[in-house]
Structure formats: structure tokens, C-alpha cells
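*Asks:* What follows is the residue order along each chain.
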Amino acid sequence: MNCESYEDLLGDYVDGARAADRPGDERLAAFERHLAGCAACQALVADFTRIRGMASMLEEHVPPPRLWATIAASIEERRRNAFSAWVPVAVAASLALFIAGATWLAWRHEPSQGPQQAAAAVEPGAVPVEQHYEEAIAGLQQLAESQDASLDSETRAVLKENLAVLDRAISESRAALADEPANALAQESLLDALDTKVALLQDTVALATDTCSLLNAAADAEKELNQ
Amino acid sequence: MMRAPRVFVFVLAAIAIALPAAAQNPSTSLGTSPSTSLGASPSTAPEASEVTERFSRTAHLDANGAFDLANIAGNIVITAGNGRDVIIEAIKRVQRPNPNAARTLLQTIDIQVVEEANRVEIRTVYPRPRNFPGSVDFTITVPGDANVAIRATSGTIRATGIRVEALKTVSGDIELVDASADQFATVSAVSGNVTVRGLKASAIQLTTVSGSVRVDNSQAERLMARAVTGNIDYTGDLARSGRYELISHSGDVRLMLSGATGFEVLANSYSGTVRSDFPIARRGRGAEGNGRGVATPRAIRGAFGDASAMLVLRAFSGNITIGRR
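Sequence lines, in order, name chains Y and Z.
Numbering-wise (the working numbering), the first sequence opens with residue 6 and increments by one.
Numbering-wise (the working numbering), the second sequence opens with residue 1391 and increments by one.
Hints listed in this document are in silico derivations from the structure and should not be mistaken for laboratory results.
On a predicted model such as this, the values are computed, not experimentally measured, just so you know.
Cβ atoms here follow ideal geometry from the backbone N, Cα and C, with glycine treated the same way.
Any given hint could turn out to be false.
[Claimed, not checked] Simulated coverage check for chain Z against chain Y, where a stretch passes if three residues somewhere in it have a Cβ under 8 Å from a Cβ of chain Y:
#1 1535 to 1549
#2 1553 to 1562
#3 1590 to 1602
#4 1614 to 1621
#5 1637 to 1649
#6 1701 to 1712
My request is simple: use the sequences and hints to build the entire structure.
*Replies:* In C-alpha cells form, the structure reads like this:
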């Protein structure tokens, strides 16, 4: 049995289902045996568990329409693709949901007030939203790196170069915030850059997953030809 | 003595060109086409031979069906047609110093077409997607009401007249002409430019990291454009009650507006300049001005005309300009 055959059990496992508590569940027992020797599944379980833990600490917020529309489009796009590709993208979507609450906080600073009032609304030096983004970015980066090998060197170079572009934008915004901690525009620019980085990492994960599924399809076709 | 191989290659190429493109069975497309052409491409390095193979297929798609294409490398041209057919023309290409090796590799590129009543899916499958020395160029016609989603890794996407759902590429440009989007649509490149002309959309998001975004003569209820280092240019009229959110970090944001649609604007640049050719009036409660909006070198807030459209324009170091066309 390979990893894909256990995809449907990942969620239950992360939610605490164990074979020891379900004596008749042979598949769960088989999954636990598989998990013990499979680094990829262990990484997935670790990611899911971490996301679950972080998500449980978030306040309940309604995501802004822009993010939700993006996520919905992403989910629909994934639904149309091969089933085997869903796991990493689901993680990426979960991370997007995770930062949705954080972004909502940023939207609270949407300038329906004057610049001075908006600036005053931002507590100097306090950027809690940024921490949420950083957590999400770290998770997505780990996911992207785990699938990095499936992308060709040119694509990886382009993605790396553009992540560097985003890192520079993030650094510039942070420098501006260091100079003017109450500047609302500097904070918005920082959040824009972080948001774009999250989107690029999500796309990177989706792309790597697509490529993996194409690789699997090629292997299947080769098997078919050899039979 | 040296002429024989050249003549042989020439004859082979001539035969291949003369042969009609062969339709392939989607499930057995590996190496079944007789239309392999062999010859040196003028666009490739002198030591590399390019081997090409044509692929043709026509599929039926019901009204309002979905068309989905996933391609790794190669250019894509997609156009809306009148009928209910999806017409797929593709050229597989492989470049290798050894033509025989190139031809062998060419046979391993599989163009898979899945045809259902309300959905047509195409994907190119390579034996090893990483660093494969080949590509597939597509020229596709789809019914005008098909919802189109395309994902490419490298290569340009040029779409005309389609109903767009999602167009994505990493390192190519995307050009979208006279398209529509009934639902939320997204067009994104990473290092390429995104150009949109004559779009009619309810909601569309255009993004790039190091490329630029250009929107000409389009109508959208909600348009979001983002770039990081590139410029964002919007030219044309605004939709009444439309919302436009144009954001670039270090690129410029430029609007050249025609028509008489009024707008409310929030434009801010951290270190660049903000300029408007339109007189901006204060709107709602606020301490600033006597009926005039806030206008500083780095920010403009207020309304023009009936303020029916909403503009949110933001740059970090880029300049923002709202001009008359």
C-alpha cells in the first residue's frame, strides 16, 4: 500500500483516532504501521497537527471576501484535478484559512478614517498579524521545500528569485516600520508583501503537486505499455 | 558521400510535412502518430536537433462546460469559436544533439485528453517532468461559453474571446483579449507580464511578482491587480459601482481614465508621489479641507463626481497617477 491509499485516514488520525481505540479497524492499524516507516506521511501528520493546534488558538473571524474568493477558486481548481494531488493543497488552503483571521485584523485598519486616525489606530511596534503570517509562511515553505525536487531547475530558479523579490519588499516595509512604527501605509505594504508571499508559496505547492501527479501519470502509462 | 544523409533527412522532413496531422486516441497516444517530423530548427542551438510531432484532436463540450489544460512547458494560444467543439492542435518538441535520441524522447510525451459531456481536460505528461528537454505548444479553440482554466509552468498564454476562470503561469506572459468572467476569475504570472484588453468581468484578480500588469478598455465590477516590482497600468472607463484595488510595491500605479464615471479614491504611496488630474472633493465626515479632499504629495483621499466607483491605489516606493485619457 502506498501513501495515497491512506489519504482519507490522515484527518481522523490528526483528530486523535488510533487503532488501539478501534480494535476492528484494520486500515487504521495498517496506516499506523505505514506511518511508522514513512517520512512523507510523518511530515504531513506533523503539518496537519501543527496547523490544527495553531488554528485552535485563533479567534473566530470572517475572512475578507478577497481571500475567500481566492481560496474557493483554489478549492474548485483542485477539485477538478486528480484526487492524488489534494493533500498538499489542502494543507496550503488550511494555511490560507489560518491567516484569514490575521488578515481580517489588517482590514480593520482599512482607511475609512483619516490618515492620522489610521496611524493612531496602529499600536507602535505591535504587529501581531505579522506573526500569523510568519507561521503560515514557515509551514508553506516547509511544504514547498518537501516537494521542491519535483520542479525543474529553471522553474525553481524563477520561484526562488521571486521569493527573494518578495523578501526584499518585506524588508523594505519592515525598515519603514522601524523608522515610523505608527505608519499605517508601511504596515499595509508589509501585509501586502506577506500576503503575496503566501500566495506564491501556495501556488508553488500546487505546481509541485501538479508535477508530481504528472509524474505518477507517466509511471502509470509506462506500466500500461509494459503490460 | 556527404550528400546522402542530408538528402535522407530532407526527404524524411518533406514526407513528414506532407503527412496530415494524425488524430490520436487519448489513451494510447504514446508514439502512435505518423506525423513525426525530423529536422534542425533554426531557433535552436546549432548542436541541437529539434524533433517535432503534431497532435490533433477534436472533442465535444456541452453548453457552459469546463475546459481545463495543464501544461509544463510551451506556449498556449486559445481562442473562442462558434461551435460546440474543442479543437486541439499541438506540436510536441524535443531538442537533443542526437536526433534519434530526440525522436525517442518525443514519443514519451503524452498528451492526455479526457472528454466528458460537460468537461474537457488536457494534460501533458512527461516521463520525467524535471528538466525534460522538450515542450508542447498548444493552439486551441473552445466554445465561447466554456469556462477555461489553464495552468502552465513556463510559456506564454494568449487567450482571445474566452470565458476565463483561471490562467496561471510561472515564467511566461499572459495576454487576455476580449474575454469575460462571470464568476471570480484569476490570472496570475510570477515573473511574466499580465495584459488584459476588452475584459468584461464580475470579479477578476490579476497578479504578478516581478512582471507588470496592464488593463485596457475593460469593465469589471471588482478588479484587483497586484505587482511587486512591476507597474500597474489601467486605461479606460470605470464601471459604475465598480471597485478597483491596484497595488504595487516598487512599481508605479497609473490610471488613465476616460468616460464620466465618478469615483471615490484612497491613494497612498509611502515614498513615491501621488498625483491626480481630477479635482478631488472631501467625502463624508472628516476634519480636512473645506469640501476638498486630502491631497498631499503622498496621499489623495476623496471623491470625484458621483463617486460611484471605488479606487484603492497603493504603492510603497512607486508613484501613483490618476490621469485623463
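*Asks:* Would you mind marking each hint as holding or not holding in the structure?
*Replies:* Hint check results:
With 4 residues bearing a CB less than 8 Å from a CB of chain Y, the region 1535 to 1549 of chain Z meets the requirement of three and the coverage assertion stands. Requiring three or more residues with a Cβ within less than 8 Å of a Cβ of chain Y, the coverage given for the region 1553 to 1562 of chain Z holds, as 5 such residues are present. Judged by the Cβ-Cβ criterion of 8 Å, the region 1590 to 1602 of chain Z is covered by chain Y as claimed, because 5 of its residues qualify and three suffice. Chain Y is given as covering the region 1614 to 1621 of chain Z, and this holds because 4 residues of the stretch bring a CB closer than 8 Å to a CB of that chain, at least three being needed.
Counting residues of the region 1637 to 1649 of chain Z whose CB lies closer than 8 Å to any CB of chain Y gives 3, which reaches the minimum of 3, so the coverage claim holds. With a threshold of 8 Å between beta carbons, the proposed coverage of the region 1701 to 1712 of chain Z by chain Y holds, since 3 of its residues qualify and at least three are required.
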